[in-house]
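Sequences and hints are given; from them, build the entire structure.
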Amino acid sequence: MPVVETPVTLTPSDAGLTDAEIHRIRNDFPILGTEVNGRPLVYLDSGATSQNPVSVMEAEQEFYEQRNAAVHRGAHTLAVEATDAYEDARAAVARLVGARAGELVWTSNATEGINLVAYAMSNAALGRGGGAALRRGPG
14 MPVVETPVTL
24 TPSDAGLTDA
34 EIHRIRNDFP
44 ILGTEVNGRP
54 LVYLDSGATS
64 QNPVSVMEAE
74 QEFYEQRNAA
84 VHRGAHTLAV
94 EATDAYEDAR
104 AAVARLVGAR
114 AGELVWTSNA
124 TEGINLVAYA
134 MSNAALGRGG
144 GAALRRGPG
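Numbering (the numbering used here), first residue to last: 14 to 152.
Incorrect hints may appear among the rest.
What follows is a list of derived Cβ distance ranges for each label pair [what the hints assert, rightly or not]:
1) 52 to 117: 37 to 45 Å
2) 34 to 109: 18 to 26 Å
3) 110 to 59: 37 to 45 Å
I should point out that these hints are in silico values taken from the structure, not numbers from a laboratory. Everything numeric in this text was worked out from a predicted model, so none of it was measured. Quick reminder that beta carbons are idealized off the backbone N, C-alpha and C, glycines included.
If you want it as structure tokens, here you go:
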């Protein structure tokens, strides 16, 4: 597949951020230090794979080194610690979005999440044997 390069120049005011803020955010993502064809990497495929900031990579490394076990699957120490970490993360996200922890559902990716919501909504709204049509909105 050919790579199409279109130069894009954003000023800090376009992004709503100062140069220092943009620099700080980019520094949180080590992969963004990569250059492609002599230019700083700009990654726009987050629908497929999101790049991780250092804090996420450090948290994952700590989890794998200290409490890697199946969540909600065992009564041994590591499983309990893994489950506690998992549920603590759920509670933190719930607080962030103003929800109750029990209202959050983890999915393995965006496509699975969207399909789950679409399936649930179509069943609730249409009932058995109903139909639904999706269309792309403006823009």
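_Beta-carbon spacing of residue 34 to residue 109 - inside the hinted bounds 18 to 26 Å or not_ = Distance hint for residue 34, residue 109 holds at roughly 20 Å.
*Note whether the CB distance of residue 52 and residue 117 lies within 37 to 45 Å or breaks it.*
holds, 39 Å
*C-beta pair residue 110, residue 59: status relative to the range 37 to 45 Å that was hinted*: This hint is violated: roughly 19 Å between Cβ atoms.
Comparing the model with each earlier hint shows a violation of hint 3 alone; every other hint is respected.
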